[in-house]
Structures are given as structure tokens and as C-alpha cells.
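So the mapping is simple: the numbering used here equals the position in the sequence shown, first residue as 1, plus 3.
Rather than coming from a laboratory, the hints here were simulated on the basis of the structure.
These numbers were taken from a predicted model, which means no experiment stands behind them.
Note that the Cβ used here is the ideal one computed from N, Cα and C, for glycine as well.
There may be inaccurate statements among the hints.
[Claimed, not checked] 20 Å max Cα-Cα, derived EDC-like pairs, lysine to aspartate or glutamate:
(1) Lys306 - Glu342
(2) Lys354 - Asp325
(3) Lys326 - Asp209
(4) Lys30 - Glu329
(5) Lys28 - Asp325
(6) Lys119 - Glu362
(7) Lys188 - Glu217
(8) Lys188 - Asp325
[Claimed, not checked] Ranges of calculated distance between the beta carbons of each label pair, as one might list FRET restraints:
(9) Lys142 - Arg241: 49 to 55 Å
(10) Ile116 - Ser181: 24 to 30 Å
(11) Asp255 - Arg219: 25 to 31 Å
(12) Gly153 - Ala321: 38 to 44 Å
(13) Glu307 - Leu52: 30 to 36 Å
(14) Gly153 - Lys48: 16 to 22 Å
(15) Glu317 - Asp255: 54 to 60 Å
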Amino acid sequence: MKVLIACGGTGGHIFPGISLAQELKTKDAVKDIILVGTNHPLERKIFNLTGLPYAFIPTAKLTVYNPVKYLLFLIRFTAASFKSIWILLRFNPDIVVGFGGYASFPICISAAIFGKRLFIHEQNCLPGLANKILSVFAKGVAISYKQSCGFFKEKVVYIGNPIRRQLLENAKEKAVKSFDLSLEKFTILVMGGSQGSHRINMLMRDLVGLLRDEDRGQIQIIHIAGVRDYTILRDRYRDCRIEAKVFDFVNDIGLAYASADLVISRAGATAIFEIAALGLPSILIPYRYAGGHQYYNAIAIEKEGGAITADESELTPAILKDKIFELKNNRARLNAISECARRFSVPDAAKRLADYILEI
4 MKVLIACGGT
14 GGHIFPGISL
24 AQELKTKDAV
34 KDIILVGTNH
44 PLERKIFNLT
54 GLPYAFIPTA
64 KLTVYNPVKY
74 LLFLIRFTAA
84 SFKSIWILLR
94 FNPDIVVGFG
104 GYASFPICIS
114 AAIFGKRLFI
124 HEQNCLPGLA
134 NKILSVFAKG
144 VAISYKQSCG
154 FFKEKVVYIG
164 NPIRRQLLEN
174 AKEKAVKSFD
184 LSLEKFTILV
194 MGGSQGSHRI
204 NMLMRDLVGL
214 LRDEDRGQIQ
224 IIHIAGVRDY
234 TILRDRYRDC
244 RIEAKVFDFV
254 NDIGLAYASA
264 DLVISRAGAT
274 AIFEIAALGL
284 PSILIPYRYA
294 GGHQYYNAIA
304 IEKEGGAITA
314 DESELTPAIL
324 KDKIFELKNN
334 RARLNAISEC
344 ARRFSVPDAA
354 KRLADYILEI
């Protein structure tokens with residue numbers, strides 16, 4: 004059996020797709036797997052690390068308010084559709100699994116036209132337009148949040164969001180030492196998605212200037228900043244005498260998670276489920292745009308006690324600093340959030356999804 008996994012665009016789509024691929028590789032019934040995404044440099048880098056074959060299609064993000072951009076969308080979508088048909092004819096998959104987003108839509112709709120067994124997985128609590136349309140043609144719809152069920156009329160199963168199994172395999176002592184950090188200090192992991200978050204980066208840049216000397220000596224930071232702000236943050240932490248490791252991208256995010264006592268993050272569904280599976284307390288700062296998906300993702304876990312949500316429009320460096328140190332100085336609160344996060348998580352979601360698409 005051959006399986007094609009369409010999972011390009013952002014890390015939030017890519018990593019669940021890779022997690023499914025890892026699980027499918029353990030199944031005797033699956034002989035070949037191919038990943039399909041967009042030709043973004045970071046995406047190519049991530050796909051290369053999997054050791055799996057992959058193919059790319061042109062991106063075609065819908066914009067209806069600008070005539071020129073809409074025309075460009077039509078041109079690129081047509082090109083993406085022809086490339087999708089070529090990939091389907093060449094690989095001839097038995098099953099196609101789409102992980103949402105504009106990058107997966109052309110190949111999934113082409114798969115439906117060709118009569119392939121199509122499954123879709125929705126990572127977000129509030130489903131995107133692409134998956135709503137594709138659900139009409141899909142044989143099955145897997146969701147990460149129980150609250151998403153009402154958006155799809157039928158063929159829905161609650162799976163959770165697949166996470167990479169290696170994220171659960173790191174010991175804290177080894178992880179901290181891999182970053183040349185101290186086991187005695189409170190470790191804060193800051194990340195803003197696969198390409199970083201300028202807003203979160205600037206909050207941290209200004210926050211460290213507010214710290215007292217005694218505060219600086221108690222914390223250490225692992226900051227995944229993206230390319231744009233890497234140099235600014237590296238120099239800022241050094242100038243403020245903060246023990247910090249700054250990266251534009253981390254190949255093994257599992258080591259960063261295992262090192263952390265607290266995570267400050269955007270509220271992408273994949274990040275939330277990874278953080279939750281590891282039982283990490285977190286302060287989630289939802290991205291306000293892109294249809295408000297991250298807001299609903301964050302609220303869902305916050306209602307279960309598994310995270311703290313901070314409104315970006317009201318968040319200042321001083322407020323964020325206070326939230327961090329309130330948690331740092333309250334071990335009981337950290338433990339309670341950690342326990343609720345674990346209960347929220349679905350660590351075997353990749354296995355559940357693999358079994359679902361092979362059995363239905």
C-alpha cells in the first residue's frame with residue numbers, strides 16, 4: 004500500500020504529517036510513503052531530515068480582496084493542480100492524507116477527482132476553509148479537538164494531534180547539558196512557531212531589561228527566534244548578562260522541550276499538543292490573525308487548566324515578566340498546570356490516526 008501525505012506550508016502542518024509517516028513506517032501493510040509540501044527552504048530542510056521521498060507543489064494562497072493577487076492565485080493554483088496530477092500519476096497512492104492549509108488543497112482535491120481514498124486531519128480547534136471543503140470528498144475526517152466535531156457533518160473521529168515520538172524520549176539532565184546550561188536554574192523555552200514570532204521576540208528583548216540582578220541569576224533561556232531577530236536577541240541577552248541560547252531554528256526540538264521548566268509560545272495546535280504531551284507549563288500568546296485559530300486553540304487547553312493564555316494586545320514586557328516569575332515562584336501551580344496539560348494531551352494520536360486510515 005502506498006500513502007501520500009500532504010503536509011506543507013507551516014510547521015503546524017508539517018510535523019503532524021511527519022509524525023503520521025513515522026507511525027506508518029512501522030506498519031507491514033504500508034510499502035511506500037511520500038510527503039508533499041511547498042518548496043520553502045525550511046520545509047525542504049525538515050523533509051530532508053526524515054529520510055522519506057518528497058515532492059513540492061507551488062503555493063497558492065487565496066486572496067480575494069486584491070485583483071492582482073487573486074489573478075496570481077488563479078495562476079499558481081492552476082500550476083499547483085497540474086503538478087498535483089503529475090505527482091498522483093507518478094506515485095499512484097492508495098491513500099492520500101491531507102493536513103490542511105492552502106498547500107495541501109490542490110493535491111487533495113485532485114486525489115478526490117481521481118477517486119483516491121482521501122482522509123483529512125484538522126489540527127486546529129476552529130477548522131480552516133480548505134479542510135471544510137475537502138471534508139465533503141473525504142472518506143474520513145480526523146480532528147484534534149473535540150470541539151471541532153460540529154463543523155463537520157459526518158465521517159468525523161476524534162484523534163488528537165499527532166506528535167513525533169522522539170519528543171517523549173529525552174531525559175532532562177542530558178537535554179540541559181546538551182545546551183551547556185545549568186540544572187540548578189529555572190529554564191524558560193521561548194518559541195514562536197517554525198519561523199519565529201517577531202512580537203514575542205520583541206517582548207523578550209524588552210523584558211530582560213526589567214530584570215533585577217537577582218532575577219538574572221535564577222533563570223536561563225532557550226530562545227528559538229527565527230532568522231530575522233536572531234542577532235538582535237543574541238546580543239541583547241549577552242548585554243543584559245542573561246544566560247541564554249538563541250537559535251534561528253532547532254533541529255531537535257525535543258531536547259529544548261526536555262530542558263524547559265516553562266514554555267512561552269504561540270498557540271499553534273501542534274505546539275500545544277507537543278507541550279501538553281510533555282506536561283510542560285506554558286504561557287500561550289495566540290497570534291491574533293489567520294482567522295483567530297490560535298485563540299480558540301489556546302482557550303480550549305486553558306479551560307482544562309493546562310496552560311495560561313495571554314492576550315497579545317494587552318501584553319507588555321512588565322506583565323509577561325510578572326507572569327513568568329509568579330509561576331517560577333509557585334511550584335504547586337506549575338505542577339497543577341503540568342498535570343492538567345498531560346490529561347489534555349493525546350500522546351498516541353499518530354498511532355490512532357495510522358490505524359484509522361488503514362482500517363476504515
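Evaluated hints:
1. Lys306 - Glu342: Distance of about 14 Å is within 20 Å: holds.
2. Lys354 - Asp325: violated, 40 Å
3. Lys326 - Asp209: Roughly 15 Å separates the two Cα atoms, so the pair holds.
4. Lys30 - Glu329: violated, 46 Å
5. Lys28 - Asp325: violated, 46 Å
6. Lys119 - Glu362: With Cα atoms ~15 Å apart, Lys119 and Glu362 stay inside 20 Å; holds.
7. Lys188 - Glu217: Holds, at roughly 12 Å.
8. Lys188 - Asp325: With Cα atoms ~18 Å apart, Lys188 and Asp325 stay inside 20 Å; holds.
9. Lys142 - Arg241: 49 to 55 Å: At 54 Å between Cβs, range holds.
10. Ile116 - Ser181: 24 to 30 Å: 48 Å Cβ-Cβ, so the 24 to 30 Å window is violated.
11. Asp255 - Arg219: 25 to 31 Å: holds, 27 Å
12. Gly153 - Ala321: 38 to 44 Å: holds, 40 Å
13. Glu307 - Leu52: 30 to 36 Å: holds, 32 Å
14. Gly153 - Lys48: 16 to 22 Å: Check failed, 37 Å falls outside 16 to 22 Å.
15. Glu317 - Asp255: 54 to 60 Å: Given about 34 Å between the Cβ atoms, the range is violated.
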